[in-house]
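Q: Chains as they are written, first to last, in numbering that gives the first Met the number 0: chain A, 0 to 648; chain B, 0 to 171; chain C, 0 to 351; chain D, 0 to 99.
Any given hint could turn out to be false.
[What the hints assert, rightly or not] Listed below are the simulated BS3-like cross-link pairs for lysine-lysine, each with C-alpha atoms no more than 25 Å apart in a straight line:
1. Lys25/B <-> Lys95/D
2. Lys560/A <-> Lys361/A
3. Lys95/D <-> Lys89/B
4. Lys164/B <-> Lys13/C
Since the hints were made in silico from the structure, they are not lab data.
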Amino acid sequence: MNWLEMTLCFPLLGAILNGLILRSESKTLAQIVSVTACFLAFFSALFLSYDVLTHHEGLKVYHLASWIEAGSLSVPFSFLIDPLSSLMLLIITGIGSLIHIYAGGYMSHEKTTYRFFAYLNLFVFMMLLLVTGENFLIMFIGWEGVGLCSYLLISYWFEEDKNAKAGMKAFLVNRIGDIGFLFAVFLTFKQFGTLSFLDLKNILLNSHTLTQEMQNSIALICLLMLVAACGKSAQLPLYVWLPDAMAGPTPVSALIHAATMVTAGVYMMTRLSFFYFLAPQIMTVVAVLGCLTAFFAATIALVQNDIKKVLAYSTVSQLGYMVMGCGVGGFGAGVFHLLTHACFKALLFLGAGSVIFAMHHKQDMMEMGGLKKYLPKTHAVFLLGVLAIIGVPGFSGFFSKDEILWKAFNYPVIGPYLWAFGTLTAGCTAFYMLRLYTLTFCGENRSDHHTKKHIEETPVIMWGPLAVLAFLSVFIGFVGVPAVIGDLVGIPNFFEHYLEPVIKMPHAAEENWHFLRDHHSHALEWTLMGTSTSFVLLGALLGFNFYKRGPKGISLILKKKFSRTHKFLTNKYYVDEFYENIFVTPLQEMSQFLWKIFDLIFINGFINGVGRGLMISSALSSWKNSGGLQTYAVFFVLGCLVFLGFFLK
Amino acid sequence: MGEAISFYFLASILTVLSIAVVTVQKPVVAVALLVFNLFFLAGVYALLGAHFIAVIQVIIYAGAILVLFMFVIMILNPDMDLKETGDKGKKFILFSAVSVGFLFFSFKMFEQMAPLTKEDIVSEILEDNTYEIGLQLFEDYIWPFELASLLILLGIVSAILISRKPSQNKSV
Amino acid sequence: MDLFYFELMAAVVKMCVILAMALQLPPIMVWIERRAGAFMQRRKGPNRVGLFKWRLWGLLQSLVDTIKLIFKEESVPEDADKVFFHLAPVLSLIPALLALSALSFGNYIILFDHEIPLQLINLNVGFLFILGISGMGIYGIVLAGWASSNKFSLLGSLRASAQMVSYEIPMGLSLIPIVLIYNSLELGSIVEAQANTWQWGIFLAPISFFIFLITMFAETNRAPFDLAESESELIAGFHTEFGSSKFALFYLAEYVNMFTLATLCSILFFGGWQVPFIPHLKLIELLGSHNLASFIGFVTLLLKSAFFMWLYVWVRWTLPRFRYDQLMKLGWKFLIPLSLGNVFVTSLILMM
Amino acid sequence: MVPIEHYFILALIMFTCGTLGVLFRRNLLFMLMSIELMLNAVNLVFVTASSFLGDLDGQIMVFFVITLAACEAGIGLAMVIAIYRRYGTINPDFLKVLRG
C-alpha cells in the first residue's frame, strides 16, 4: 500500500466502520474511530506530499485500476499528486482532523453520533477523491460525493422540516452546477478524446495556435465549468443554498461550507487554469462574477443577526474574492486566499460554534453580548480570527486579500473597478466582522436569565483546535508574502513559487495575458495597499463604535434612517423571493399541472385504462372460462378435429 | 364365410350397445351394457386371432374394471340426481359440430387411407400367439412392462389416498 | 363339408352332455349336502321321499324340491329393476356354463375315424379363459343384489363381488407356477404333462394347491367364505328376493361353479384324466382301446372332482364362518403375498 | 374375408359414441365409461392392425392400454367418490369451481 492509497482509504474505512459495521451507541468510540481515521489520513497525506514533492519532481500519477474501457473512452482510477492537490490534501485532512476533534465536543449532547462521524469521514474521503482525481470522472465522483455528504450533513437533524428542506435546497441548487460539469465533461471528451488532466494539459500547453472551433469549445467548456463552480462555490446566482446550509451542525459548516467543499470550484478552476487562460472572455466573466458576489454577499452580511448567517455570507463574499482572483489570472492568489480563508473561516465558524454551544444553541447575536468574560479563551482566538479575516496588516488575510486586489487592479480595462469594489468589500467585511465581534463579546449580556446562568467556557476538546487554527490564521499568511513587502523584510513568496508548476500558461494564450508579466511600480502597489488598509480600518472602527452598546445606540438610529435599505438588505435583496416566484413557484405549478393533467389523466388513465381494458376484455372472454369441464373438452376435441382436418386436407 | 357372419353379427351388436351405453339413463344399465360391449369386443378380438388379448379383455376389463364401476355406483347414492343439465340449444349446436367434425374426419380418413395390398396381409403367425406375446413382452418391452407395473402401483396408492375418508384419528 | 357337419354334431352332443351334467349337479349335491350334514350332526336328514316303498335314502327329495321350485309362484319386489331382476340369474348361470365348456374332460375318442376331443371348446389360452369367464359371474350376483332394491341384498352382493374380485388375484397368481412348470396354458397339454404321478401339480407346486384350494372356496361363496349369503346376518344375501326357478338358477350356477373349480383343481393338481400310477399311453396299451382308455380317464376325472365336491360339503359342515375383515385380511395380506412369493420361488427353482 | 376398413368403421363408431358421451353426458360416471369405450375403440384398431399386418406389437400395445385403463378407472372412480363426498353431486355442471 502506498501513501496515496492509505490517504484515501483511511477516511473510507472510518466511514464504513462507523456507519455500517460498528454503528456504536457510544459517542466516544465513534469519535475515536473517525478522528483516528482522519489523523491517519493527514499523516499519510503529509508523507505523500513530502514523498512526491521531494522525490518525483512534484508530480506523480497513481494508477490504481482501470474503470471504464469503452471504445476510445478510457477512464482509469488514476490519481494525480502535484503541489496543488497535495496542498488541498493537507488542508482537507489537517483542518478536517481539527474539526473532527472539535465535533466530538460540539456533538456531545447528541444521542447517537456514529451517523454524523460516518458522514464526516465519508465527506473527507469524497473530498480527497475530488482533489486527487487525475481525470474529470474521478473528480466528478468526488464532486457528487461531497454534494451528497453535504446534503446528508445539512439535514443531519432531519426531524426538523426546515433542516431537511435546507439540505434539499443545497442538493438541488448544486444539481444545476453539476449539469454544467457533466456537459463540460462530454464536450471535453468530444473535443479532445481524453478526460485526463495531464493529457489535456500536454495537448494545450504544446499547441501554439488553436482553431476557432477549438477556441469556441474551450470557451464553452470554461463557461460550463464556471456554472459548476458557481454551484459548488456559491457564486452568483447560485449562492442561495449556502446561507441555508447553516442549518447543519456548526462543525459541518466549518469543514464543508467554509474550509473545503465550497472551495472545490476554486480548486477546479485552478486545476483547469490552462483551459481558462485560453478563454480570456470567460475569464472576464469569472472576474466580474467573483467581484459582484463578494460585494453583494458582504452587503447582505452587514445587517444579518444570526451569527452563522453572517459568517455564511462572509464565506460567500470571500469565495467571491477567490473567484475574482482566478478570473484576473491570479490563480495562485486565489488558491492562497483559499488556504488562508480555510484557516481563519474554520476558526471563526468553530468559534461561533463554541458561542452557540455555550448559549445553548441560540444563534441570534441580539441575545448575546458581553461573552468576553464568560468565554475568555474563545474570545481570544475569535478576535484573532476576526483580525485575520478583515486583513489587518500582518495577519494572513491581509496578504492573500491584498494580492488578489493587486492582481485585479492590473487587469486591463475593468481592473480598477474590480479593485474599487474589492476594496469596498474589504471595508464592509471589516464592518460586519467587527459588528459580529462587538455584538457577541462586548457590552452587556442580553440573554435571558436562564441561559445566562449556564454560560461557561467550552471544554479543551473544543478550544484546543481553535488555538491551533488561530495560530495558523495569524501566521499562515507568511508563506505568501507579496513581493513588495517580501523584498522589504526579506521573506520570499514561497507560495507563488510552490504553485508555479501547476499554473502554466499555454503558449497560445500568452499574448492575452502579457499584463501578468508587466512590471508595475512599487509605489502604486503601496498606495493601493494603503488605501485598502485604511478602508479596512475605517470599516472596523465604524463597526466597533456602532455596536459598542449593543443593538441600541447609533446602529438603531441608522437603522431607522435607512430603514428601506436596511429592510432590503435584511431580506437579502429578495433573491430568495425572486427565485421562489420566478423558478420555484412556476416549477411547482408546472409540476402540479403535470401531476394533475399529465400524470393523473394521461399516465394513470393509460395505466388504469390498460387494467380496465384487460378487466373488460377478460370479463368478456371469461364466458369461455366457464369452469365447465365438458365445455373445455368440446373445444379441445373441435380443435383436434380442425388440426387433423388441416393435415388430412 | 363363418368369420364374416360372426363379424357382422358382433359388429351390429357392438354398434347398438355402444350407442346404448352412452344414451341410457341409469348408470347401472350403462355398466351392464358396457360389460356386454366389452365381452363382444373380446369376441371380435378372438375372431382376429388375438385370443390372449380377448381373454385379458374379459378378465381385466369385464372382470375387474367394470366391477369397480359397479361398486362405485352402489356406494354412491343409487337415487342420485341423474338429470341432464345445461343449455339444450348450446349443447345441440356443439353436438352437431362435433358429430359433423367426426363424420368429415372419418370420410377424409377413409378417402386418404392407402389400401392394404395382399402382400401386406400376413395372418399365418397369428395362430397361438400367446407364447410370442410373452416373449416380446419380456424381451423387447421389458422396460415399458416394468413401468406399467409401477403405474399400477401408483394407481393403487393414489386411488386409496383419494377416496379415503378423512379419518378422525391420525393413527390410521 | 362332411367334416364340418360331423364336428357340429359332435359339438352339439358334447353340449348336451355337459348341460345334462350341469343340470344333474344341484339335485345330487343338495341331497349329498343334506345327508352329509345330517350324518355329521348325527341326524337323519331327508330320508322319506322315495319311489313307492323304496325310500332310496331320500334320494328323491331333491327331485321333489326341484319340482316345488319350478312350480312355485314368482314374486318380484315392487321397487325392483325388472329387467335386471330377471336377467341376473341368467347372467350368473351363463358364465358358469361357459366355463364348464372349456374344461377338458378326457383325451379324445375316435368315432368313425375322427378324433373327437372330450372338450367342448379348445382354446390355446386354456384356463385363463375359465378364470375370466368365472369372473364374469360377479355381474349376476351384483345385479341381482342391486335389482332387488333390498338393503340386505345390496350388501350381500357388494360383499360377494368384493370377495370374488379380491380372491381372483391370488387364484390367478397361484396358477402361474403351474403354467411355468408345465409350460402351457392348455388344459389338455397340462394333463398330458402329468402322466407320471409324481409330476402332478400337488407334488410340484404344493403351495399353489394350498392357495388354490382356499380361493376355490372363496370364489364360489361357499362356507367358510359364505358371507354374501350368510343367513344369520343378511337373511340370504343377494338372493333374498329370488324365489322359484330364478332361485333354482342361482343354485345351479353355484354348483356348476363349484364343479368347474373342482374339476379345474383336479386337472391342474391331480393329473386330470390320468389314472394314478398308470400313464394314459400305458393305459391305452393295456386296454388296447383308445375309447375305453379315454372313458376310464373321464371316470377318473369325475371321481377326482367328486372328491373335491365332497370336500366342499365336508368343509361347509365343519368350519365356522369368517368375519368379513378377517376374510379381506386373509385375501390381501396373506394369500397375495404368499402367492407372489410362490411365483418368485418357483421361477427361481425353474431357472436353476 | 372382412376388409380391414370395416373393422375401422366399427372402431370409429365406438370412438365417436365414446367421445360424444364424454362431451355431452352430464355425469362423471358416464364420462368415465365413455372414456373406456374410446379406449376400447383404439384397442380394436390396434388389434386389427396387428392381426392384418402380422405384427404382435399392436397386441402388446393393447396390453399396455388395458393397464393404463385399469389405473385410469381406479383413480377416476376414486375421484368420483371424493367429489361426491365433497360436493354431493357428480354432475360436472355443478362442479365449476374454476369458473373464470
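Q: Hint by hint, say whether it matches the structure.
A: Results of checking the hints against the structure:
1. Lys25/B <-> Lys95/D: holds, 24 Å
2. Lys560/A <-> Lys361/A: Distance of about 29 Å is beyond 25 Å: violated.
3. Lys95/D <-> Lys89/B: Given pair Lys95/D, Lys89/B holds - Cα atoms ~17 Å apart, limit 25 Å.
4. Lys164/B <-> Lys13/C: Not satisfied, since the Cα-Cα distance of roughly 52 Å exceeds 25 Å.
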